[in-house]
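Engineer: Okay, here's what each chain looks like letter by letter:
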Amino acid sequence: MTSADMTAIDVRGVSKSFGATPVLHDVSVTIASGSLTALLGPSGGGKSTLLRVIAGLETPDRGSVAIAGIDATRLAPQRRNVGFVFQHYAAFKHLTVRGNVAFGLEVRKRPKAEIRRRVDELLKLVHIEQLADRYPAQLSGGQRQRMALARALAVEPEVLLLDEPFGALDAQVRRELRAWLRRLHDEVHVTTVFVTHDQEEAMDVADRIVVLAGGRVEQAGAPHEIYDHPASAFVMGFLGPVTRVGGRLVRPHDIELGPASAPDGQHATVTRVVRLGFEVRVEMSAGDHEVWAQVTRAESDALGLAVGETVTIRPRPDARTLAA
Amino acid sequence: MSEARSTAAKWAMRIVTVAYLAVLLVIPVGLIGWRTFAGGLQPVIDALTSDDFVHALRLTVVVAVCAVVLNTVFGITVALLLVRGRFWGKRLLSAVIDLPLAVSPVVVGLALILVYGSHAPAGGWIERHGVQIIFATPGMVAATVFVSLPLVVRAIVPVLQEFGEEQEQAAHTLGASRWTTFRRITLPSIRWALAYGIVLCLARALGEYGAVAVVSGRIVGQTQTVTLYVEQEYNNFDQPGAYAAATVLALIAIVALLVTKLLRPGGRRADAERLTEMQSGREEQR
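Going down the list, the sequences are from chains F and P. Our numbering applies: residue -10 is where the first sequence begins, and numbers increase by one. Our numbering applies: residue 3 is where the second sequence begins, and numbers increase by one.
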């Protein structure tokens, strides 16, 4: 296999400014064929712009984009063979669900019978076959987004790009669609890139995460790699909760509490104990700063934690820490 | 006490409004209709089948249809440019589009003669190549296009703005060319606003008097439109002819008005659409 076979998207040295505002600085990302990648970062970090550059909806000021080994930097979006799903669905309001999904195939002048068969297949795949003759205005947000996905998949795109696909949906529907997207990807195997600002969503769905902030790639890798070995304090803070112990950044669940009499560790005074079901959140004051730890109920009960008590804190021996 | 006063004020306002409309609009237009048929049906039939009237009506329709077609094509192009384009002088262009609303049609006519008359350099050059503009149909079409220029643009700009770009971008990523996207996505989405603009433009074109009066030369049986015919008949004391033609113009205007009422954004259709949108929005919240 050549490298072109394995790399679906190759972004090299892309920079982009909107007027005087720089949005992407020298961004290079490679996306492996068949992978499910999350572009994760805070809003304004440039992740949506990067996705739109890949789709051809924005032109980079510098750098190149190759899709399936072909330089696409100057190619119009309609020639890139990408599927794009917008946050607000971009449903064609004057067409039925069937008309929406068939659009890309009709534009490609496929035979009528083939279009009909393929649309039926796709509607079944996204579980909205009973809504085929409705208009987008008659669908719920989740149904519209699934229609948009079917529409994007209809043209058998080289890559599927999703821009905050679940951003406009409520938490319940979001979780359902997340799990469903994961299963769909296992079935269809199309190279997929989605943009999100929700680290939990990225960790849950993606098999690779690219963290973007301030228009630069902060880190790229498998979810557990990024969580366990963050390259910077920013990435560590963005992927999960962080607290400070002895001048180092630690995950709150990596903090060990001991009785005040313990031989080593830093002394801290408990200021608040919050019971959140099976876990207990302990807030403490350690000299000049606040620390919090996440412990199990059993640990909390064993120590008899209460406000005003003095405890010792230290990172667990196997904890990953980062200089603050 | 104050309630009684506010009720009285309400009634006073209603009476003033109705009286105002009656004096200025309903009574005069109604009288024209009344006068038209005052002498029975025969004079009306005679007037409406006279060669001059038939020619005037035919010319009016030709000029109006040409103007509407040109303004529709131009209107869609300019509206797309104003909404989607990013270029220097966009606000200036937007202001220029509205100019015909402010400038008197007579001024428009004179300006056209200055440029396209036989004695002007441009007009003379075109005439030597066999096309007469002033005192002929092309000049009348130009005058009509000018006065009805903003109507299509202003009808579709707000709808295009609300429509946004995402659906067009989605169509592009699905493989549709610019033209296909326009034809299959943009046009169907603005069709009601466009139809509204076209009907308004048509009504304005059919009723245009001032600019056309200047550039046409009012040659009977050649460059005379229905509005010019009405004036001429009236000045010639052929009042039945003038009234009959005026009634035809008024009827066309009323039909156009009814059509625009049906099409106008915020009319019944648009309301129904907004309602389903709202309902589906509520469902989304659930």
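Don't read these hints as lab results, they were simulated from the structure. From the three backbone atoms N, C-alpha and C, an ideal C-beta is built for every residue, glycine too. A couple of the hints might just be wrong.
Stated by the list, open to error - As a list, the in silico DMTMM-like pairs of lysine to aspartate or glutamate whose alpha-carbon atoms are at most 20 Å apart:
| hint | chain 1 | residue 1 | chain 2 | residue 2 |
| --- | --- | --- | --- | --- |
| 1 | F | 98 | P | 167 |
| 2 | F | 82 | F | 50 |
| 3 | F | 82 | P | 164 |
| 4 | F | 113 | F | 165 |
| 5 | F | 82 | F | 95 |
| 6 | F | 113 | F | 176 |
| 7 | F | 113 | F | 145 |
| 8 | P | 92 | P | 5 |
| 9 | F | 113 | F | 159 |
| 10 | F | 82 | P | 168 |
| 11 | F | 101 | F | 122 |
| 12 | F | 98 | F | 145 |
| 13 | F | 98 | F | 109 |
| 14 | F | 82 | P | 100 |
| 15 | F | 82 | P | 170 |
Claimed, not checked - Distance windows between CB atoms, simulated:
| hint | chain 1 | residue 1 | chain 2 | residue 2 | range |
| --- | --- | --- | --- | --- | --- |
| 16 | P | 79 | F | 226 | 34 to 40 Å |
| 17 | F | 178 | P | 163 | 36 to 42 Å |
| 18 | P | 263 | F | 105 | 29 to 35 Å |
| 19 | P | 87 | F | 226 | 56 to 62 Å |
Said to hold, decoys possible - These stretches of chain F come out as covered by chain P in the derived footprint (C-beta under 8 Å, 3 or more residues):
| hint | stretch |
| --- | --- |
| 20 | 0 to 6 |
| 21 | 59 to 67 |
| 22 | 79 to 89 |
Engineer: Checking each numbered hint in turn, tell me which of them this model violates, lowest number first.
Structural biologist: 1, 2, 8, 9, 14, 16, 18, 19, 20
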